[in-house]
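Asker: Chain by chain, the residues run as shown.
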Amino acid sequence: MAIPILKQGAVLIASLQAAPTDRDLIQLKDELADKIGHFRSRIVAIDVSALDVMDSFATRTLRGIAHATKLRGANTVIVGIQPDVAFAMVQLGLTLDGIETALDLDEGLARMRPQPDGGTSGDR
Amino acid sequence: MLDQQSRLQSSSIPLTEAEVDRRKRIVDLSGEDISRIVTLRNMVAEQTDRYVDAFFRYLDDLGEAPALFGKREVLEEAKRRKREHLAAMTAAQYDRGYVEQRIALALLYSRHGVSTPVFLGAFHQLLRALGNDIMKSVKDPNDAFQRFMSLKKVAFFDIGIMTDVLISERERTINLQQDAIRELSTPVLQVREGLLILPIIGMIDSQRAKQLTDGLLRSIRANRARMVVMDITGVAAVDSKVANHLIQTIAAARLMGSTVIVTGLSADVAQALVALGVDLGKISTTGDLQGGLEEAERMLGYRVVRGNETTGPRLSA
Chain A
1 MAIPILKQGA
11 VLIASLQAAP
21 TDRDLIQLKD
31 ELADKIGHFR
41 SRIVAIDVSA
51 LDVMDSFATR
61 TLRGIAHATK
71 LRGANTVIVG
81 IQPDVAFAMV
91 QLGLTLDGIE
101 TALDLDEGLA
111 RMRPQPDGGT
121 SGDR
Chain B
1001 MLDQQSRLQS
1011 SSIPLTEAEV
1021 DRRKRIVDLS
1031 GEDISRIVTL
1041 RNMVAEQTDR
1051 YVDAFFRYLD
1061 DLGEAPALFG
1071 KREVLEEAKR
1081 RKREHLAAMT
1091 AAQYDRGYVE
1101 QRIALALLYS
1111 RHGVSTPVFL
1121 GAFHQLLRAL
1131 GNDIMKSVKD
1141 PNDAFQRFMS
1151 LKKVAFFDIG
1161 IMTDVLISER
1171 ERTINLQQDA
1181 IRELSTPVLQ
1191 VREGLLILPI
1201 IGMIDSQRAK
1211 QLTDGLLRSI
1221 RANRARMVVM
1231 DITGVAAVDS
1241 KVANHLIQTI
1251 AAARLMGSTV
1261 IVTGLSADVA
1271 QALVALGVDL
1281 GKISTTGDLQ
1291 GGLEEAERML
1301 GYRVVRGNET
1311 TGPRLSA
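Chains A and B, in that order, give the protein sequences. Note that our numbering has the first sequence beginning at 1, numbered continuously upward. Note that our numbering has the second sequence beginning at 1001, numbered continuously upward.
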């Protein structure tokens, strides 16, 4: 099942449903890269709160999306990693270094939106 | 009663026919033994009270199990079970019910501070009394010895069960205490909206590290925390394993969108980490808890302002 991508202003929101296949993830990557250019989006938020497993392929694909998005001029934030998932990922050495993460969509968008002082609140 | 039942189930001995048979096989209890033991039934039945008294008097004289003698009803129960035991021992029905009785008695001992060596000492006295009487009542010494040895197999069968229960009860107590220590020592506290403190005190082993990470991640979600100050002033020694645990905890917190500041690294710990070559480059640290809190507040956009700079802190609004 394809992963839906929602557009809200300059933000693209992809919400992963339980257990996406590898093909779904690759399709998401392609679609996002395409849509960023099309909608001139600045922020991509990927919600993974419905996932109870994150394998190495999913992590690698998300990392790929974040890097590709950066090259297309937008920032990616991964939101909603569950405690158990986070713990398992760390055990596997999948730490998503250099990629923004946030508790949930709300928090992720607040962090990525430009602040009055110029930068984003993600620039810490 | 229900409690007793659950305790029986939770003890380390599986109450199955196969297990009972296995234990019988271990002590080499045969049909021949059983027929010899049955001949002792009348003798034991007549003398039961004397044996029971001897057993408990010996325990009392030892002074090693005061808790058992402190309460009348406890002692009465123990005596009643001991009488039951002697009757069952010569009834020669060594089945699940028999094992259950043994476990129940061992649990009673364990609850009232009868340790394994004390129990063994008293049990030996009981066997000696039994042995003396057998030698007296049976004319042929060879025959008497054979009968005593058969009884001894049952005694060892009992001892096997009793010591297993006593030891597993002790282990259970230790585990409970360790759990209590673990629970006590890993609180996660919110000091401001979005800011948690995680004070770590004492040893960190793999299990505690897992629990610590687990507790932190759940608190991050529950409190919607964006900053965590992890204070390790109370951690005396850090080796590469502990450092690794901490790094993993920090990485997991980051995946949940929270930034961790580590505070309270003592001079020794800092030197040790450098010597170990642990890569702490990606971890932000400050000297003490106060510094960590100030840094975290700054990052969250809090500004702490004293009410009146010239007169110092105001005590009332």
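Accuracy of the hints is not assured; some may be wrong.
[Stated by the list, open to error] Computed, partial: chain A to chain B, Cβ under 7 Å:
1) Ser15
2) Ile81
3) Gly98
[Said to hold, decoys possible] Derived DEER-like restraints, expressed as beta-carbon distance ranges:
4) Thr21/A - Arg1224/B: 28 to 34 Å
5) Arg1224/B - Gly64/A: 41 to 47 Å
6) Asp52/A - Ser1284/B: 41 to 47 Å
7) Pro1187/B - Lys70/A: 37 to 43 Å
8) Thr21/A - Gln1101/B: 45 to 51 Å
9) Arg1218/B - Ala50/A: 14 to 20 Å
10) Gly37/A - Arg1298/B: 53 to 59 Å
For the record, the hints were derived by calculation from the structure and aren't laboratory data. For each residue, glycine too, the CB sits at the ideal point set by N, CA and C.
Asker: The structure should be examined with respect to each hint, and the outcome stated for every one.
Answerer: Evaluation of the provided hints:
no.	hint	in the structure
1	Ser15	violated (17 Å)
2	Ile81	holds (5 Å)
3	Gly98	violated (10 Å)
4	Thr21/A - Arg1224/B: 28 to 34 Å	holds (32 Å)
5	Arg1224/B - Gly64/A: 41 to 47 Å	violated (29 Å)
6	Asp52/A - Ser1284/B: 41 to 47 Å	violated (30 Å)
7	Pro1187/B - Lys70/A: 37 to 43 Å	holds (39 Å)
8	Thr21/A - Gln1101/B: 45 to 51 Å	violated (59 Å)
9	Arg1218/B - Ala50/A: 14 to 20 Å	holds (18 Å)
10	Gly37/A - Arg1298/B: 53 to 59 Å	violated (38 Å)
Hint violations for this structure: numbers 1, 3, 5, 6, 8 and 10, all remaining hints satisfied.
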